[in-house]
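Visitor: First to last, the sequence lines map onto chains D and F. Each residue of the first sequence is one higher than the one before, counting from 3 in my numbering. Each residue of the second sequence is one higher than the one before, counting from 3 in my numbering.
Any copy, or any two copies together, can satisfy a pair, since identical chains are not distinguished.
With a straight-line Cα cutoff of 16 Å, these simulated EDC-like cross-link-like pairs (lysine to aspartate or glutamate) come out: (1) 110 x 271; (2) 112 x 271; (3) 296 x 35; (4) 313 x 108; (5) 292 x 252; (6) 194 x 7; (7) 299 x 40.
None of these hints come from the bench; they were simulated from the model.
The chain contents come next:
2 protein chains.
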Amino acid sequence: MNLPEYPAIVNAHELIAPMIHRTPVLTSSAINEITGGELFFKCENFQKVGAFKFRGACNAVFSLTKEQAQKGVCTHSSGNHAAALALAARMRGIPAYIVMPENAPEIKKKAVAGYDAQITFCKPTLEARESTLAEVAAKTGATEIHPYNNVQVICGQGTAAKELIEDIGAFDIILSPIGGGGLLSGTSITAKYLNPGATVIAAEPEGADDAYRSFHAKKLIPSINPKTIADGLLTSVGEINFRIIQRKTDEIVTVSERGIVRAMRMVWERMKIIIEPSSAVPLAAILENKVDVKGKKVGIILSGGNVDLEKLPF
Amino acid sequence: MNLPEYPAIVNAHELIAPMIHRTPVLTSSAINEITGGELFFKCENFQKVGAFKFRGACNAVFSLTKEQAQKGVCTHSSGNHAAALALAARMRGIPAYIVMPENAPEIKKKAVAGYDAQITFCKPTLEARESTLAEVAAKTGATEIHPYNNVQVICGQGTAAKELIEDIGAFDIILSPIGGGGLLSGTSITAKYLNPGATVIAAEPEGADDAYRSFHAKKLIPSINPKTIADGLLTSVGEINFRIIQRKTDEIVTVSERGIVRAMRMVWERMKIIIEPSSAVPLAAILENKVDVKGKKVGIILSGGNVDLEKLPF
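Bound conformation, chain D alone (with noise of 0.2 Å):
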């Protein structure tokens, strides 16, 4: 299978334009003392459902032919994937059947429903996810799109990054959390292709290192119990992203938890707008001095920023 390019990204970007906000870039000049860099942060906080994950997703969905697009679309997620695709689902008229955990976050469930896609209930083990997702696909002829082990919703999450350069210029650095890898594979394409002077460097909780211990040997090894406060990335990397990552991401460095809970409070009180825990791990990254910054221009994904406001760690 070939890997995506550049112009696959800028189609992408072409497609889903209407439908996307084109978040801003923010910047802080508290942050900057402390860290001593010029940081950019693109803020897909406040993209639509919260998430850069409506990049892809949206992309994915106006991607299928009429034809494949009728039957509708299908994942299991429990997260910012499900309700991207049940909104991108919706702004196209057509079906998006969500299998999720029967354990999932109220809050989580709620949000899907009220994208109008229909939920399937299963008990919260990835083979019964899979098993009912099959059971979904095969019943509707829905088209299952995977939340990042996917090209169209790798592109998708590549016009982040080329927002991000576009309105800036060209980094020094540009960082990027690591879950499954579909931002950071998008990211890296785009980056090595714009900007290819940058170093792009993936920041990844210690206690979900999959990516940095695969990385490092040069294959894919999963995850096995992670366990972060940074609930979007618990998943282990994909094959798709995890071959674009080997060729064209510099480096994967890992943070602690208590450096993710320092990170996040620091954008809320200096910057005053909400991330997830996530979102804060690159920025983790640079305050445990994983990444040198100092004197640098660097480009920040916040890649979300849905939190339970009742279950804060602060």
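Got chain D; can you put chain F on it based on the hints?
Guide: Using the frame of chain D, we list chain F on its own:
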């Protein structure tokens, strides 16, 4: 004393423009759907020191003559005005003397000290604050800058509405919270000049409703034991502010504590930005049907974003 008019706000804006942030105006399709109006939020939570207060303090400090300025400025405050005055003074390179009650939160003491202000602590009574301030002023010759009952401060605060109307155009309704009345009086002057067709409405917590009662009694009635989560709105309306409000504000409405928390949470969850309870009061008035915005274009000033993350109401 002549009350200030719009040209003084234009002058203030020219003076302070290089020092302040021209803050963004955000919208939320979700909140528009809920309220039935077209709402535009002027984000003074992104202003320097995290609140609109910096505009007024900055105008007051930079309006001083060289002779006055050399001796510095002083005020008693434990809130956003103290930080704003300290930063404005530092930017002009002059001393700021801040009288704070000894029981002020550590976080506020640190913020003010962080801007190099000289803090004098006193007993936590209005009497002690005023007598200590008089001593400091007598000893230093510093000019007292009142947080709201001050023409330069009022003119500085009026620049937020000026930017809002310049950026978005005319509104049907313009909403601001009311505490001491600095923001509302400045906003009303600007609105009645630039956008005379707009209805200017202030929203106030039921538990600190001196402006509401004064407005309807047509005379100043100070608050007695005000109590509200909107800690920026505990103060009683100033005399100059009230005279302007009587002439240029169309209506004052009150909202419940529960409504404030609900509105604050809605902004956090839907817009992913951090606002303090005082900022949520105008949206609370809409959600509690005190202001009918259906089909209307509405400008709302979000006054600030300084909250203690360890003491959230949700």
